[in-house]
Amino acid sequence: MRLRDNTAADPDRDPVAVIHTALDHGVRMIDTADAYGNEELVGRAIRSRRGQVTLATKFGLRPRPDLPRGFEVRADPAYVRSACEASLQRLGTDVIDLYYLHHRSDTVPIEETVGALADLVARGLVRAIGLSNVTAADLHRAQAVHPITALQERWSLTERGIEASLLAAATEHRITVVAHSPTSHGLLHHRPVGDDTPPHHPGAVLARLAQQLGASPGQVALAWVHHRERIHGRTVLPLPGTTRVSHARTNLAAADLQLPEAVLHQLDAVPIP
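Residue numbers (our numbering): 1 to 273.
Worth flagging that the hints you see were computed from the coordinates, not collected in a lab. Be a bit skeptical, because a hint or two may be false.
[Claimed, not checked] The following label-pair restraints were derived from C-beta to C-beta distances:
no.: 1; residue 1: Leu213; residue 2: Asp106; range: 17 to 27 Å
no.: 2; residue 1: Ala168; residue 2: Asp76; range: 21 to 31 Å
no.: 3; residue 1: Pro77; residue 2: Gly233; range: 26 to 36 Å
no.: 4; residue 1: Arg208; residue 2: Ala86; range: 46 to 56 Å
no.: 5; residue 1: Pro11; residue 2: Ser165; range: 43 to 53 Å
no.: 6; residue 1: Asp76; residue 2: Arg160; range: 29 to 39 Å
No experiment lies behind these values; they were computed from the predicted model shown. Glycine included, C-beta positions come from ideal geometry on N, C-alpha and C.
Generate coordinates for the entire structure from the input sequences, incorporating the hints supplied.
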């Protein structure tokens with residue numbers, strides 16, 4: 001969740017209310033990252049309900065506007081330990097339930113990073129290890145060091161790169177897949193569709209099918225991602241980030257949306273941009 005403190009005093013944008021709305025409706029995983037800059041906020045929001053929450057955060061990305069990618073990756077063991085201690089303090093907790101490497105490193109072997117994470121598990125500071133933005137080879141090598149609980153990757157109707165090889169690796173090792181950006185950073189929620197939009201355009205297909213189902217395009221996109229676990233035989237948890245209470249409620253309603261086979265076939269056939 002890339003939440004920020006609500007400086008505009010808009011109740012719909014109250015970050016604590018967003019998190020509590022999710023918890024009130026049965027959500028149990030709250031996901032953040034040190035790079036998002038909101039761990040203290042998340043910690044305050046869940047403090048009175050910590051026992052209800054599986055708390056996930058990430059480390060390894062440091063903003064660097066001077067670099068081509070805009071960030072640097074730190075994954076050396078010393079940094080892993082210091083980053084964890086800093087996150088624990090900001091979150092106001094004594095243990096992180098699921099701790100992710102945010103992005104693979106080109107310089108530090110993943111075995112070293114996961115070894116440091118395994119040490120945090122042994123010390124009781126972390127309960128489970130996750131990986132994000134890695135390759136299938138990384139996943140195999142990491143699993144040989146310590147069991148990996150979750151793989152968090154981009155996965156949506158228009159972004160299916162995970163299905164090439166990463167998904168097979170996750171299935172082989174029985175790793176839960178957490179699909180971030182399941183609505184393509186919100187683009188599939190309200191993708192503009194004009195008179196000149198081709199009928200096979202993802203936005204046009206979603207809008208048409210959503211209207212038929214009495215749902216929003218974003219809800220259909222979320223339901224499609226959730227349905228992939230039936231196809232691939234792997235637990236898939238869509239992770240739609242939101243900064244509004246109203247959007248959180250809309251996203252939560254997608255869990256009850258049933259997609260008929262005919263609709264699924266049309267969605268599966270949507271061309272990937």
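So, going through the hints one by one against the coordinates:
At about 44 Å, the beta-carbon gap between Leu213 and Asp106 misses the expected band of 17 to 27 Å. Between Ala168 and Asp76 the beta carbon distance is about 29 Å. The supplied range of 21 to 31 Å therefore holds. Taken as a hint, the range 26 to 36 Å holds for the pair Pro77 and Gly233, whose Cβ atoms sit roughly 35 Å apart. In this structure the hint that Arg208 and Ala86 lie 46 to 56 Å apart at CB holds, the actual value being about 48 Å.
Judged by the Cβ atoms, the range 43 to 53 Å given for Pro11 and Ser165 holds: they are separated by roughly 45 Å. For the hinted restraint 29 to 39 Å between Asp76 and Arg160, the CB-CB distance of approximately 32 Å keeps it satisfied.
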